[in-house]
Amino acid sequence: MAAAQDEDASLEERLKSALWLSIGKIVDEETIKMGVNATPQFIGALTEMVWAQIGMYRNRQKRSYEVLCG
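The opening residue of the sequence shown carries number 1 in the UniProt record's numbering; numbering runs sequentially from there.
Honestly, the hints are just simulated from the structure, not real lab data. Don't be surprised by glycine CBs; every beta carbon is placed ideally from N, CA and C. Incorrect hints may have been included.
To be verified - Computed cross-link-like contacts, EDC-like style, restricted to lysine to aspartate or glutamate with a CA-CA straight-line distance of at most 20 Å: (1) Lys62 / Asp28; (2) Lys25 / Asp6; (3) Lys16 / Glu48; (4) Lys62 / Glu12; (5) Lys16 / Asp6; (6) Lys25 / Glu48; (7) Lys25 / Glu13.
As the list claims (entries may be wrong) - Using C-beta positions, here's what the derived DEER-type ranges look like: (8) Tyr57 / Asn37: 14 to 22 Å; (9) Ser17 / Asn37: 33 to 41 Å; (10) Arg14 / Gln41: 19 to 27 Å; (11) Gln61 / Ala38: 29 to 37 Å; (12) Ala3 / Arg60: 40 to 48 Å; (13) Ile32 / Ala3: 39 to 47 Å; (14) Ala4 / Asn37: 38 to 46 Å; (15) Leu19 / Cys69: 43 to 51 Å; (16) Asn37 / Asn59: 19 to 27 Å; (17) Thr31 / Ala3: 20 to 28 Å; (18) Leu21 / Asn59: 22 to 30 Å; (19) Thr39 / Ser17: 13 to 21 Å.
Based on the sequences and whatever the hints tell you, model everything.
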């Protein structure tokens, strides 16, 4: 059981890292166009916000599935 939890935590960490990288690339592209700078803290905060929204969406979908499938 602990191995499965470790694997889940590792997967979550890799997904969050991939999200951070993707958001960082988008922010870099947009800041270059706008001629402004974005701090790593901004990118981190944006990543946390998107991660939380993904989690809320996932939970809502899970509840919808449980209602439909019983």
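Those earlier numbered hints the structure runs against, lowest number first: Violated: hints 1, 2, 8, 9, 12, 15, 16, 17.
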